[in-house]
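Asks: Sequence:
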Amino acid sequence: MKNFTSVHDVQNIDELVIKALSYKTTPFLDKSLGAGKRIGLLFLNPSMRTRLSTQIAAQNLGMEPIVFNVGQEGWALEFEDEAIMSGSTVEHVKDAAPIMGNYFDILAIRTFPSLKNREDDYSELYIKQFIKYAGIPVVSLESATLHPLQSLTDIITITECLKKKPLPAGKKPKIVLTWAPHVKPLPQCVANSFSQWVNAWGQADFVITHPEDYELDEQFTKGATITHNQDEALQDADFVYVKNWSTFKDYGKIYTNDPEWMLTNKKLAVTNNAKVMHCLPVRRNVELSDEILDGLNSIVTQEASNRVWAAQAVLSEILESLNK
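Throughout the sequence shown, residue numbering follows numbering that gives the first Met the number 0, covering 0 to 323 in sequence.
There may be inaccurate statements among the hints.
Claimed, not checked - Within a straight-line C-alpha distance of at most 16 Å, the following computed EDC-like cross-link-like pairs (lysine to aspartate or glutamate) qualify:
1. K170 to D235
2. K1 to D104
3. K162 to E316
4. K265 to D216
5. K221 to D235
6. K115 to D289
7. K131 to E77
8. K171 to D204
9. K127 to E79
10. K252 to E211
11. K131 to E79
12. K248 to D289
13. K266 to D230
14. K1 to E214
15. K30 to E319
16. K323 to D104
17. K131 to D80
18. K248 to D119
19. K127 to D204
20. K127 to D94
21. K36 to D230
22. K265 to D289
23. K252 to D212
24. K248 to E290
25. K30 to E316
26. K265 to E217
27. K93 to E81
28. K131 to E118
29. K248 to E214
30. K265 to E290
These are calculated hints, taken from the structure and not from any lab test.
Small disclaimer: the values here were computed from a predicted structure and weren't measured.
Between the sequences and the hints, there should be enough to build the whole structure, so can you do that?
Replies: So, in structure tokens, the structure goes:
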């Protein structure tokens, strides 16, 4: 594995999941794999789980992680080629990235979309410029359109649950991604990424449900069943993934905030006692009800805890390629 920015960087999802779960059982299995190597964690927007889990994963592999909050602890970066830097940006990525490439062995970057210009956000300029100029492997800690470490974590968590309580032989799990209300427009990153990974995994009956006008980019959802009827979608579901996202076509807007889309135990009653997932942070009693989050069906804590093992599996794959 050279870089990790989407599911397309993974040769075999199941093998990566197995590796992650082996690290969960034995965290220090490869404690010398990253000895003498550094990973730079660059944050262009805030993080809690992503930052902490990746630091722990790197340390479990013997690496030294160094965190840098771009724009708060350093200069504001310019990413456009041939930019005339007479504004607020002070340093060009063309100058900064090669230096980081000399400081670190792996570079992990978290960016965020503007939600103003779809073409700019979906070009993934920021992370592509780091890949172009750093000269070392780059890991996405979330980009403008995708959150691959979160999605790998989600597949790990679903696999873990299915091993603990298998479905009848030959039955695929029904996985539902449902839109939820929120107080402000959020990116499509998590929903895009989850859709991309579940479709690529190919081991589930996958349904996406959302209000009208909240369609996601078809490049990520192709292969899923899509419906505007949440109750119909939830019928016999084994896993329900809850997430808000803003509009894609009329980019970055909120068209509706219908509280009827919030998942409750009443809505969950038509499922196959489905496990409920969310990437966190979550707006309680807006996106998800207390009764769900604090109930027996919630696996959000298990899911978030698995972020360490997802990151560790990815970093180990990159380290193995560096050590060859």
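Asks: Could you work out which earlier hints the structure fails to respect and list their numbers in ascending sequence?
Replies: 3, 4, 5, 6, 12, 14, 19, 21, 24, 26, 28
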